[in-house]
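A.B. asks: Okay, here's what each chain looks like letter by letter:
Number of protein chains: 2
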Amino acid sequence: MTLKVYADRLSQPSRAVLIFCKINGIDFEEITVEFLKHQQFTPEYKEINPMSQVPAIVDGTFKLFESHAILIYLASAYPGVPDHWYPADVFKRAKIHSVLAWHHSYLRRGATGIVYHSIMAPLHGLTFDPQVPEQARKILPKSLSILEDYWLEGTGPFLFGNSEPSIADLSLVCEIMQLEFLSEKEYREILSPYKKVLKWIEDTKNATGPYFDEVHMALFNVQNEIRERMVKQSISSHKGGSESECIK
Amino acid sequence: MTLKVYADRLSQPSRAVLIFCKINGIDFEEITVEFLKHQQFTPEYKEINPMSQVPAIVDGTFKLFESHAILIYLASAYPGVPDHWYPADVFKRAKIHSVLAWHHSYLRRGATGIVYHSIMAPLHGLTFDPQVPEQARKILPKSLSILEDYWLEGTGPFLFGNSEPSIADLSLVCEIMQLEFLSEKEYREILSPYKKVLKWIEDTKNATGPYFDEVHMALFNVQNEIRERMVKQSISSHKGGSESECIK
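Protein chains in written order, with our numbering: chain A, 571 to 818; chain B, 571 to 818.
Some clues are possibly wrong.
Note: identical chains are not told apart, hence a pair may lie in one copy or across any two.
[Stated by the list, open to error] Below are the EDC-like pairs computed for lysine to aspartate or glutamate, each with C-alpha atoms no more than 16 Å apart in a straight line:
1) 633 - 723
2) 616 - 719
3) 662 - 723
4) 574 - 614
5) 662 - 629
6) 592 - 604
To be clear, the hints were calculated from the coordinates, so they are not data collected in a lab. Note that the coordinates shown come from a computational prediction; the quantities given were computed from them, not determined experimentally.
Full structure from sequences and hints, please.
C.D. replies: Now the structure itself:
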C-alpha cells in the first residue's frame, strides 16, 4: 500500500515532507487538503489528524501527524535514505532534536506568527489572534540572529557546520520561505541582515533541487494574488491583525 | 567524567530530566541555575546554552539543550535504560516524537503561558508578555481536552494506552505540575473536568516514585510563598499580566 501524504503546498511543514519524499525516491500519493478552503476540518480528515493541521501521513494502517515526527519516521522506516538526513550517530542526532525543538519555540512562532495570523487567516476567514503578529515581530529577528550566529556556526554550509543537509535544514528553510508571502520590501528588510541565513537558504535549495522549486511553485503562484488582495483589503503586513476583525 | 545536568527544580523540563536520570540510575552532577535569580544569563552559562534556558547538559565535551532532545539523548546513549522510555520500535518512537512536538504547540503554550508570564516573571523582575496568559487560558483547556480524549485513549494508563511510561509521559506530566503555582481553587477548576488526565498524573507519579516527589519538593516548598506574594502584590492569577507592568 502506497504511503499517503496529506498536505497543502501553501503550508511550510507540508512542503518539507513532500520535498523529503521526492528527493529520497519514496513512493507516495499526495492528497491535497486545502487549509484555506477549511478542508482540514472535515470529519474524514479529523480521523487522520484530530488537530486539523497539515501535513499528516497514513502508511498502511499507521497514522502520524506533526511534520518533525513524520520526517524522522520516513528517514528511519524507509530504506535507502542517506544517513545525513537523520544521522544514526547519537550526538549528531541529538543536535537535530535540539534544533527541531528550538524551531517550535522560536523560528515557527516568529514566521508563522506573522504570516498566518496577519495574512493567511484574516484573508480566508480562518480563526486568528491579532496579538500574535505583534509578538512574532519581536521573536523573528531574534530567531534569525540565533540561526546566523549559533546554529550556522562552523565551516560547512548547513546547520551545525555540516557538509550535507539534514531534516532540520529542510524543515527550517521551508519555514523561512513562508515569509515570501510578505511584501517584497518587508521580506528584504527582515532577511537582508542575515548573510549566512540567506546563503544557507540558497544552499538548501540547491541541495534539494529540482524538488525544492517544484514544490514551492504553489507558493509563488499565489504570492502575487495574496499580495494584491492584502492591498485591496487594506490589510498590509505592517498593520495587519490590529485593523482586521478577529474571527472567534 | 560525570554527566553534568544544569537545572532549576522550579522549571518543569528540568524536573523531567532530573527524574529521568534518577529513575534510570544515570550517574550525574546537578548544577543549579536559578532562573529566578537570573543565573541563566551569566556568560559562563551562555557558553553552555546560548538561549539562557534550563535544562542543559554537558556530557564530556558534548553540550546539549532542549529537554526533549536531552531525554532522547540520555535514553539512547546510556546503557540500561528500559526500552519503554524511548522504544526502539519505529512506530512507537514516531508517536513519541508526535506528542513531543504537540507538547510545544499546545500544552506548553497553555501551562507555561499562564504560570511563567502571569506569576513567575512578574514576581521576579524577568521579561514577560502580558498578552500571553490571555492566549494561554484559551489553549490550556483545549490541550487538556486533547490529552483526555486523544492521547490518553486506550487501555493502558499511559499515553497511547501504553502500560509503561515513556519520556513523553514524564515531560508532559511535569508540565502540568507547573500549574501547582496557581491558587488551589484555580488549579482544581482547570483540572477537575479531566478525569483521565488526573489519573494519568497519579500513575506517572507512582511509576517514577520516590523521585517524582523528591524532585517536585522544590516546587511545593515555594508554592505557599509565591501564592502569598501574589496576593500581596495584587497579582492574582486571574487578572495578573494585564494589570502588571510589562518589563521590556
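A.B. asks: All hints are to be evaluated individually against the structure, with a verdict given for each.
C.D. replies: Against the structure, the hints:
In this assembly of identical chains, the alpha carbons of residue 633 and residue 723 lie at most 16 Å apart only when taken from different copies (15 Å versus 36 Å within one copy). Taking CA atoms no more than 16 Å apart as the test, residue 616 paired with residue 719 passes between copies only; the shortest distance there is 13 Å, against 40 Å inside one copy. Only within a single protomer do residue 662 and residue 723 lie at most 16 Å apart by alpha-carbon distance; the minimum there is 15 Å, versus 34 Å between protomers. For the homomeric pair residue 574 and residue 614, the shortest alpha-carbon distance inside one copy (14 Å) is at most 16 Å, but the shortest distance between copies (48 Å) is not.
For the homomeric pair residue 662 and residue 629, the shortest alpha-carbon distance between copies (14 Å) is at most 16 Å, but the shortest distance inside one copy (27 Å) is not. For the identical chains of this complex, residue 592 and residue 604 are neighbours neither inside a copy (20 Å) nor across copies (47 Å), given an alpha-carbon limit of 16 Å.
The structure does not agree with numbered hint 6 stated previously, though it agrees with all others.
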